[in-house]
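Chemist: Sequence:
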Amino acid sequence: MKSLSLLSAFALTAVTGKVYLEEQFSSNPFDRWIVSKAKSDLGEFKHSAGAFFADEKENLGLQTSQDARFYAISTALDEPINSADKDLVLQFSVKFEQDIDCGGGYIKLLNDLDPEKFDGSSPYNVMFGPDVCGSDRKVHVIISYKGDNKLTKRYVSVPNDVLTHQYTLIIHPDKKYKVLVDNEEKLSGNLLEDWDFLPPKEIDDPEDKKPDNWVEEEYIVDSEDKKPEDWVDGPATIPDPEAQKPEDWNDEDDGSWEVPVIPNPEYKGEWKPKEIKNPDYKGEWKPKKIPNPEYKEDDTIGQFTSSHVGFDLWQVKSGTIFDNILVTDDVEYAKQFSQDHYVAFKEAEEKVKEEKDKKEEEAEEAKRKAEEEASAKEKAAEDAEKSAEEKDEDSEDLKEDEEDEL
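Residues in the sequence shown are numbered consecutively from 1, following the UniProt record's numbering.
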């Protein structure tokens with residue numbers, strides 16, 4: 001039985017494809033991750049598990065450490081990956097421990113990168129991951145095509161908390177794709193449908209003209225509808241029949257007295273004939289479609305060679321931790337990697353965070369009570385001092401009265 005269990009465990013973790021990068025940051029990363037020199041004031045990354053974690057060694061990652069800074073750092077894959085004939089899986093975790101207000105948390109897949117010149121202008125193949133600014137919280141899925149960075153037309157929101165979350169992008173050679181957040185599928189479809197890589201297959205025929213007798217008015221006035229004889233459509237107000245000129249009204253001093261008006265109780269508003277369905281209505285006219293001469297199929301969409309991954313970010317408030325970066329062509333291995341390095345620690349991290357929050361709340365409550373007690377003591381001391389002063393004043397007054405009597 002033991003041998004069978006070991007065999008099963010091996011089968012679960014066996015790699016049927018290839019792993020191009022597996023980064024858990026368990027050791028000092030700065031011998032393989034290169035900080036860009038493109039700017040002199042780039043923010044500094046730290047090797048840290050943050051302020052709370054399930055397992056300090058397992059949860060070590062790259063953490064942004066300076067507010068209001070650009071960041072740029074990258075590392076090479078073990079070997080370049082070409083997605084023309086294989087799956088591409090890009091997976092990593094992000095922990096917005098600082099409760100980010102505005103900043104990026106996305107990763108880039110790049111090719112032929114000069115790490116020391118890496119910045120926002122460096123061409124990339126894929127930009128994937130969370131981006132937050134105020135209420136706008138979206139997961140970017142941007143794919144480069146012929147030098148243009150194309151955004152997906154669909155939307156995935158970013159979880160709104162300070163815990164670790166995992167982001168997975170899978171692109172298949174047949175152009176199908178998936179986006180997962182915490183192993184839950186958020187998007188799936190076809191690259192050609194969810195990105196505007198190509199112009200439309202068909203366009204409106206510029207030669208097609210709307211016929212003169214085409215009727216687009218869906219409703220018309222009912223010519224047989226007549227205004228009722230008792231319909232009152234004006235005036236909206238009438239003089240108040242019960243109003244009387246005040247007896248003390250003086251026209252010379254007060255001006256000419258005018259009868260106040262009240263809403264006309266019989267007024268029904270402007271009468272309009274009802275509308276009926278137009279029997280000649282043909283619907284909204286649209287020109288016919290013709291093949292777009294500029295449209296050309298391109299099987300290379302979603303196919304590229306990548307040699308590096310990198311983080312090129314701006315953050316107003318720092319503290320984000322990046323971890324468990326995986327680039328592979330093996331979807332099943334990515335699932336197991338997630339189980340081993342993300343799922344296995346998720347619940348424990350949540351409990352640690354709950355305990356941390358509880359301790360902070362207790363400390364805050366203790367601080368509040370201490371401040372209240374200190375304030376009460378201070379007030380008691382002030383009251384006692386005031387009472388003593390009043391007592392002294394009373395004694396002095398009594399003494400003066402006694403002296404006056406003598």
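Quick caveat, the hints were computed from the structure, so don't treat them as lab data.
Heads up, some of the hints might be wrong.
With a cut-off of at most 20 Å between alpha-carbon atoms, the simulated SDA-like pairs for lysine to any residue come out as follows [to be verified]:
1) Lys146 / Ser121
2) Lys117 / Phe30
3) Lys359 / Leu163
4) Lys176 / Gly17
5) Lys178 / Pro200
6) Lys138 / Lys117
7) Lys46 / Phe70
8) Lys201 / Thr152
9) Lys150 / Lys178
10) Lys18 / Glu79
11) Lys175 / Leu163
12) Lys153 / Asp136
13) Lys296 / Arg154
14) Lys146 / Lys359
15) Lys138 / His165
16) Lys176 / Asp136
17) Lys346 / Glu372
18) Lys272 / Glu229
19) Lys150 / Pro200
20) Lys277 / Glu218
Chemist: So, for every hint listed, does it hold in this structure?
Modeler: Tested hints:
Using a Cα cut-off of 20 Å, the hinted pair Lys146 and Ser121 holds, with the two alpha carbons roughly 15 Å apart. Taken as a hint, the Lys117 and Phe30 pair is honoured in the structure, with Cα atoms around 17 Å apart against an allowance of 20 Å. Among the hinted pairs, Lys359 with Leu163 is consistent with the structure: their alpha-carbon atoms are about 17 Å apart, no more than 20 Å. Proximity of Lys176 to Gly17 is assessed by CA-CA distance (about 19 Å); at most 20 Å being required, the pair is judged to hold.
This hinted pair does not check out: Lys178 and Pro200 have alpha carbons roughly 23 Å apart, beyond 20 Å. Only pairs whose Cα atoms come within 20 Å are accepted, and Lys138 paired with Lys117 is rejected, the gap being roughly 28 Å. Using a Cα cut-off of 20 Å, the hinted pair Lys46 and Phe70 holds, with the two alpha carbons roughly 14 Å apart. Between Lys201 and Thr152 the alpha-carbon distance is near 19 Å, which keeps this suggested pair within the 20 Å criterion.
Between Lys150 and Lys178, the direct Cα distance comes to roughly 16 Å. Compliance with the 20 Å bound is thereby established for this hinted pair. At most 20 Å may separate the alpha-carbon atoms for a hinted pair to count; Lys18 and Glu79 meet this at roughly 10 Å. For the suggested pair Lys175 and Leu163, the alpha carbons sit about 32 Å apart, so the restraint of at most 20 Å is broken. Distance restraint check for Lys153 and Asp136: the Cα-Cα separation of roughly 15 Å lies within the 20 Å cut-off, and the hinted pair is therefore satisfied.
A C-alpha spacing of about 24 Å is found between Lys296 and Arg154, which places the hinted pair above 20 Å, so the restraint is violated. For the suggested pair Lys146 and Lys359, the alpha carbons sit about 53 Å apart, so the restraint of at most 20 Å is broken. With a C-alpha separation of about 14 Å, the suggested pairing of Lys138 with His165 holds against the 20 Å cut-off. At roughly 27 Å between alpha-carbon atoms, Lys176 and Asp136 are farther apart than 20 Å, so this suggested pair is violated.
Of the pairs offered as hints, the one joining Lys346 and Glu372 is violated, with about 39 Å between alpha carbons and a cut-off of 20 Å exceeded. This hinted pair checks out: Lys272 and Glu229 have alpha carbons roughly 14 Å apart, not beyond 20 Å. For a cut-off of 20 Å, the pair hint linking Lys150 to Pro200 stands: about 15 Å separates their Cα positions. Simply put, Lys277 and Glu218 have alpha-carbon atoms about 6 Å apart, close enough for the 20 Å limit, and the pair holds.
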